[in-house]
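Chains as they are written, first to last, in the working numbering: chain A, 2 to 362; chain B, 2 to 362; chain C, 2 to 362; chain D, 2 to 362.
The hints are simulated quantities; they were obtained by calculation from the structure and are not laboratory data. Incorrect hints may have been included.
Copies of one chain are not kept apart here, so a pair can be met inside one copy or by any two copies together.
[What the hints assert, rightly or not] Here are the simulated DSSO-like pairs of lysine-lysine, each with C-alpha atoms no more than 30 Å apart in a straight line: (1) K203 <-> K50; (2) K50 <-> K144; (3) K144 <-> K316; (4) K50 <-> K67; (5) K203 <-> K144; (6) K316 <-> K188; (7) K203 <-> K67; (8) K167 <-> K144; (9) K188 <-> K67.
Protein chains: 4
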Amino acid sequence: MASNSFGEAFRFTTWGESHGPAIGCVVDGVPPRLPISEPDIQFFLDRRKPGQSRFTTQRQEPDRVKILSGVFEGQTTGTPIGLVIENTDQRSKDYGDIMSRFRPGHADYTYEAKYGIRDYRGGGRSSARETAMRVAAGAVARKVLAARLGNAFHIRGALVQVGPHKVNRDNWDWDEVERNPFWSPDKDAAETWTGFLDDVRKSGSSAGAVVEIVAEGVPAGLGEPVYGKLDSDLAAAMMTINAVKGVEIGDGFAAAEIPGHEAADEMRMEGDRPVFLSNHAGGVLGGISSGQPVVVRFAVKPTSSILTPRRSVDKDGNEVDVVTKGRHDPCVGIRAVPVGEAMMACVLADHLMRHAAQCGS
Amino acid sequence: MASNSFGEAFRFTTWGESHGPAIGCVVDGVPPRLPISEPDIQFFLDRRKPGQSRFTTQRQEPDRVKILSGVFEGQTTGTPIGLVIENTDQRSKDYGDIMSRFRPGHADYTYEAKYGIRDYRGGGRSSARETAMRVAAGAVARKVLAARLGNAFHIRGALVQVGPHKVNRDNWDWDEVERNPFWSPDKDAAETWTGFLDDVRKSGSSAGAVVEIVAEGVPAGLGEPVYGKLDSDLAAAMMTINAVKGVEIGDGFAAAEIPGHEAADEMRMEGDRPVFLSNHAGGVLGGISSGQPVVVRFAVKPTSSILTPRRSVDKDGNEVDVVTKGRHDPCVGIRAVPVGEAMMACVLADHLMRHAAQCGS
Amino acid sequence: MASNSFGEAFRFTTWGESHGPAIGCVVDGVPPRLPISEPDIQFFLDRRKPGQSRFTTQRQEPDRVKILSGVFEGQTTGTPIGLVIENTDQRSKDYGDIMSRFRPGHADYTYEAKYGIRDYRGGGRSSARETAMRVAAGAVARKVLAARLGNAFHIRGALVQVGPHKVNRDNWDWDEVERNPFWSPDKDAAETWTGFLDDVRKSGSSAGAVVEIVAEGVPAGLGEPVYGKLDSDLAAAMMTINAVKGVEIGDGFAAAEIPGHEAADEMRMEGDRPVFLSNHAGGVLGGISSGQPVVVRFAVKPTSSILTPRRSVDKDGNEVDVVTKGRHDPCVGIRAVPVGEAMMACVLADHLMRHAAQCGS
Amino acid sequence: MASNSFGEAFRFTTWGESHGPAIGCVVDGVPPRLPISEPDIQFFLDRRKPGQSRFTTQRQEPDRVKILSGVFEGQTTGTPIGLVIENTDQRSKDYGDIMSRFRPGHADYTYEAKYGIRDYRGGGRSSARETAMRVAAGAVARKVLAARLGNAFHIRGALVQVGPHKVNRDNWDWDEVERNPFWSPDKDAAETWTGFLDDVRKSGSSAGAVVEIVAEGVPAGLGEPVYGKLDSDLAAAMMTINAVKGVEIGDGFAAAEIPGHEAADEMRMEGDRPVFLSNHAGGVLGGISSGQPVVVRFAVKPTSSILTPRRSVDKDGNEVDVVTKGRHDPCVGIRAVPVGEAMMACVLADHLMRHAAQCGS
C-alpha cells in the first residue's frame, strides 16, 4: 500500500496538489552526517523549473525549497528530512471550465472513477507539479551516492527524441546538453526540434519525446533478484513519471530484433579486472548491476493539454468539447529529463543501501 | 526489502533454484472461500511447460504442483497458500563446465559480484525456472479476479514479434493463438517464425521476441497514484521476467511520435456511460485504469545460452570461450507469454484488493 | 525499513524535531469523501496540549495544525494528507548545557551511538513532541472509523495508575475522565495523585503511570494472523510511544496467574448472536477482534528529565553530573492518554481497511 | 499487508496448518556465505519439540526440517531459503467434535467471523504448530548474528513464572535452565512448578506463565526510531506468539511504580568506554539499543484446551458445552521459551541489517 512512497531503504513520500497551499516530501532512511543545504537541493529544482524557454510552461514559480527537519548544523542526522515548497502562482481561475469536464488523455476521468471526488485545479494530485518533490528527493539521493561512491559516479540525462525526430548518436556530446533548452546531446537535433516545436505550438497541438538517463560509476552488485531487480525498480520509477508510456533498459525493444550471438555482451580482462566489450544489457544482468553504465530510456506521450478542441464528456453525462487554455508545455518530455535523473538517483541510493544491509558495504 | 516477494494486498513470495530439490511459492492475502484445486493451477503450468515443441527447451519436467496449505475442502481459507513443485529432471552434469565461467549475457557474473557465491547449476536462482511459480501464483490471482469481476473479465497474451518479424495486426485472431506453438494471433506470422527459428537454431544462435498481454473487463479505478500506479506496477512486473529489456503500455514508444491531438483518447456517451473512441493509453490514465482494455507489451532479448562460442572470463581472471551446451529454447520469448499473463493477473488482483481497502469494493 | 511510517493501508509518516522550524506528517491511504477540517484535528491536539495544569510541562505552544493537501472543499480526496505544525516556543538556550552530555535514561547516548550526530535541542527527534503528529493522524483515523463503523464505535482512554497508586475499578466513571487533569476515571484516585505528584515535583523527581485505552463497537474479524495480529500491532503501536516499557491486552500479565478454566471467556447466545460472558482476552482471540471491547494498557516510565542530579558521561568521555532544567512534566504518562487513543484509532482504521481488501467490507 | 511475513531486511514468511500435509517458511534477505546445514536448524527445533516431558503435549512428531533452497554446498547464497517440515502425526479424528463448536478462549470463533471458513483440524493456522517455523527462521537469524557479532553475542531464555509462582531472582543460574524440563533458572522454582502443574493437570485445567529472553553482546545503535524502534519490534514479535497477552522491556510495568531518580540508568566511564550502573531500561533507550543486555518478558495465558467443560456456542447458534480432548500442554508457556529466543534472534538480525543499510556496518 502506501502509494505515495517510493523506495525501501532510501524512501521518500510526496504530498500536495498542483494548486494547494504547498507541496512537500519526506525523505526517510537518509544516512547521517551527509553535508546538505537548501541551495544544494535548489540547484536541481532550478534545472527543472518551468518558464525557462518558450518550450516549457510560462507558469512562474520561484519553487523555493525549505528543509524543515532531519538536518542539523548543515548535516543530515539520520532522521526524516521534511521538505516543502509553497505554491505561489496558482491562478486557479484558469481551470474553472474543466471543473466538471474530463480532459481527454488526462487523469480527470479516472480520478473521478476511483475516488468519486477530485481536486480539479490544475490537475490536482495528477499534475506534473508533484515531480518537483522527486527532484528534491533526488538531490538528497545524490548526496548518498556521492558519499558512498565518490567522484567517479555521476548521472546524466538527455532528450534523444522529440516527436519523430531522433538525435544522431554519432553527434553525441554531453557538454552540448547544458547549452540548449532541450537537454539535447546533438546540436543539430536541437535546431530541428526548435522549428518542429514552433510549428507544433502554433498548430495548437503538442509533441512527445524520449528521454535517456545514464549512470556511470555504478558498482557491480546492486539490485535484488527476483522482485527487486535493479531494472525492474528503474522501470517502475520511470513509469510513475507523468505521461510516460514505455521504458527500456540498454537495447530495450531493439534487443528483440538482434540475434543472440550479438546481444550478449562479451567479456575480456583489462589488467586484473573483467571488462565488457559492449553494453547491450544497459548495465544490468539478471537484475543486478554489472559495473557498466546503467542506461534507461523512457517515452513521454504528447500532453493532452492542447488548444485544439477534443471531444469528451462531463460529470453529468453530457457530451462536450474540451480546449485546455492554461499555460502548458508543448513538449512535457523536456522537463522530464531532470525528473528522470532524480528517479535514477533515488533508485540507486536505495539499492546501494539495500546491498549494504544484505551483503555489507 | 523482501526482494523475493511481489505485490502488497495479494502478495506472493517465490523460492528455489533451477537444480535444487524443489521450487515453491507462498501466496499471501488470498480472499477466503474461493474454490481452488491443484488441477486449476496445473492447467496454467502445463501451458508454460517446456518440451512442447522443437522451439522450446527439451528439458522434460512433469512440473506437478502441490498445494500444501491455505486450502481446506476445496476452498481457500484466507491463510497463506503454500505451493511446491519438485525438480525431477535436473541433469546437473550438463552444467559442470560453466561452474567457474561467466556465460556472456547471463547473470553468472553479477550474482558472483553481488554475493561472492552462486549456485551455478542451471543458472540457480536466475533461471527462468522460477517463473513456473509465477504462473502458479497467477492461477490463484485469476480466482480472485473471477470471483470479483465475473465472466466479462479475461486476460489473454500473444507473441507479436520474433526477431525482426512482427505480426500483421490486420490478421489478429485470438482463436489462432491457441492453434500454433508460438501463441501467435497471426497465422502467417507463425509460419514465418517457423522458418526463421529453424534457421536460428541451426546457426547455433537465438532470437528475441515481443509479447503482448491484454486484460479486458478491468473496471475503471484500479491503480494507486503516484507510486503504486497500475502501469508502474505492470512495468515492474514485466521487467522482473527473465531477459525482458523493455515494457510499453498502450502505444508505448510510438506515443512519442504522434501529435497530441491524436494521442488523447476522446470520449463520448454510449447510453448512460462514457466510452473512449480509441485506446492509445492502453487502458491507464494517470496511473488508474480507465475501464478500457489494459494493454502491455514487453521485449525479450535473445537468450545468451547458445552454441556459438562467445568470449568471456572465469572466476580466476582467465580469458575463456563459452559455449552453452544444455537444452535451451532458441526463443525464450515464447514461453514468456503465460508468464506475462500470470503477472498481469497478479497485478490486477493486487490492485483490486488495494482499491477495496481504500475505496470500498 | 521506512522507520518513520506506521500502518499499511492507513499509513502515516511523521517528520520533525522538537526545536526545528516545524513538525509534520503525511497520512496516506485515507478513503475519499470523508468530511474533515482543521478544527476537527485541532480538537484532539488541544486535548494533548502541554501547559494545561501544573502537572504537565509549562511549554506554551498554540500547536496550530494546518492541512496542506489531500482535502478539497472540506472532503478528503483519497490523496495524501499533508499536515504541519510550526514550532513557535522553542527556547533553545535551555538545552545548551546538555549539548554534549548524555542525560541518563534519555536517548541522547543511543542516538549518538547510532548516528554519530544528534540534534540535542529539546531531545530532537526523540522528544515526545513528535506525538503531536500521531494525535493529528489519529484524528484522521477517527474519521475513517466513524464513516465505516458509525456511532456505536468509540475510543476512550484513562490513566489507571500513577506511581504506585492505582485507580479503584469499582469507582470507574468514564464521565469523570473529562473532569480532572489526569484523565482519571476514579475521582478519589485523582485526589490521591494530586498530592502524590505535588510531592514528587517538589522533591525534584518524577513518576510513572499506566494508561488504559478501550475501543468499543469494533466488529469481529479485524486483525491479520499471524504477523499482523491486531494485538501485535497494538503492542507495537503503544511501545513506540516515548517512555513506554510494557503493553498488555485484556488481562495481560495477570493472565499468567489464573487457571485455564477461568481465563477462557465463555460464550452464550443473546437472541441470534453469540455473546461473551467475560473479557479476559481484551477483545482479541488468535490476533483477530472478537467483537468485544478491545482493551490495551501500557506502562510509562517516569521521565528522566528531573532536577535531581544524576551521574552520567559526556561525548568526550568525562564523568559528569546532569540536571535537566527545562520545563518538564512530572508525570509524562498523563499526556500519553490522548496519544494512546490516537494510536488505537490508527491501528483500527488500518485493520478495517486491510480487512476490506482481503475479505470485502 | 503480507500478514504472514515478519521483518524487513531479514524477513521470513511462514505457511501451513496444524494438520495439513506440511508447514514451511521462506527466509529472505539472508546474507551470503554463511555456513548452515539442516542439523544446525534441527538443533533448535528439537529444543522446542513436544512430547519431551509430561508437561508438554504428547503429540509425537519428528519435525524433520528440510532445506529446499538458498543453500549451496553448505553455504547460504543470498537467495531465499525455503524450509519445510512434513506433518506426520496428525490424528485428525481427535478434533472431529470441535468442527462446528467454538472452543472458548480459542481463535475458532474469530477465524470464522473473519473468513467465514476455517480449517478446524488442530486449530489450523492458529495452532502453535506454526511456531516451529519461527524456531527454524531463528536458527538462520543466529547464523547472521554469529557472523556479524561473534562469540560475545548470545541469546538465552528462561521461564520466570508458572501460574502465580515466580522464580526467586537471587537463585538465578543460567546453567540450571538446561537441567530441568521448564527452562527454569531457579532449581527450587522448578520443583514448585512440578507439583503445581501436576495438580493443574489432574484438575483438568491449565496454567499460564511468564518467559524472559535476554540478549547479551548486542552493540549500541540498533533500532530505528520512531516506528521501527527495537523495543516496538520486540513487543510486536512476542505478541504474535500464541497466547501471549503482555510484553515488557526491562523493568516493564514495574517502571511505572518507581520514582524518576531511580528509573534512569546512570552512567560512568570504565576505561575509555561508557558503562551503565543499572539496566532498568532493558537495554533500549529511545528505541535504540544501548549496548546493555536486551531484556524482554512476555506473559502467556493458560491454554483454553482443557478437559473441564466450558460453555460455548456452535456455528448454528446452539449453546453447547466444550471439552477439549486432544493432547495438550498443561502449560503452553514452557514451549514458548525457544520460540521467544527465536523471535529475539530474528528481530536483532533484522535490525543489524537495517542499521548496516543506513549507517554502514
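Okay, the hints, checked on the actual structure:
no.: 1; hint: K203 <-> K50; result: within (23 Å within a copy, 55 Å between copies)
no.: 2; hint: K50 <-> K144; result: within (21 Å within a copy, 37 Å between copies)
no.: 3; hint: K144 <-> K316; result: between (46 Å within a copy, 27 Å between copies)
no.: 4; hint: K50 <-> K67; result: both (16 Å within a copy, 27 Å between copies)
no.: 5; hint: K203 <-> K144; result: neither (42 Å within a copy, 49 Å between copies)
no.: 6; hint: K316 <-> K188; result: neither (46 Å within a copy, 44 Å between copies)
no.: 7; hint: K203 <-> K67; result: neither (38 Å within a copy, 43 Å between copies)
no.: 8; hint: K167 <-> K144; result: neither (33 Å within a copy, 45 Å between copies)
no.: 9; hint: K188 <-> K67; result: neither (36 Å within a copy, 48 Å between copies)
Violated hints, in rising order: 5, 6, 7, 8, 9; the structure is consistent with all others.
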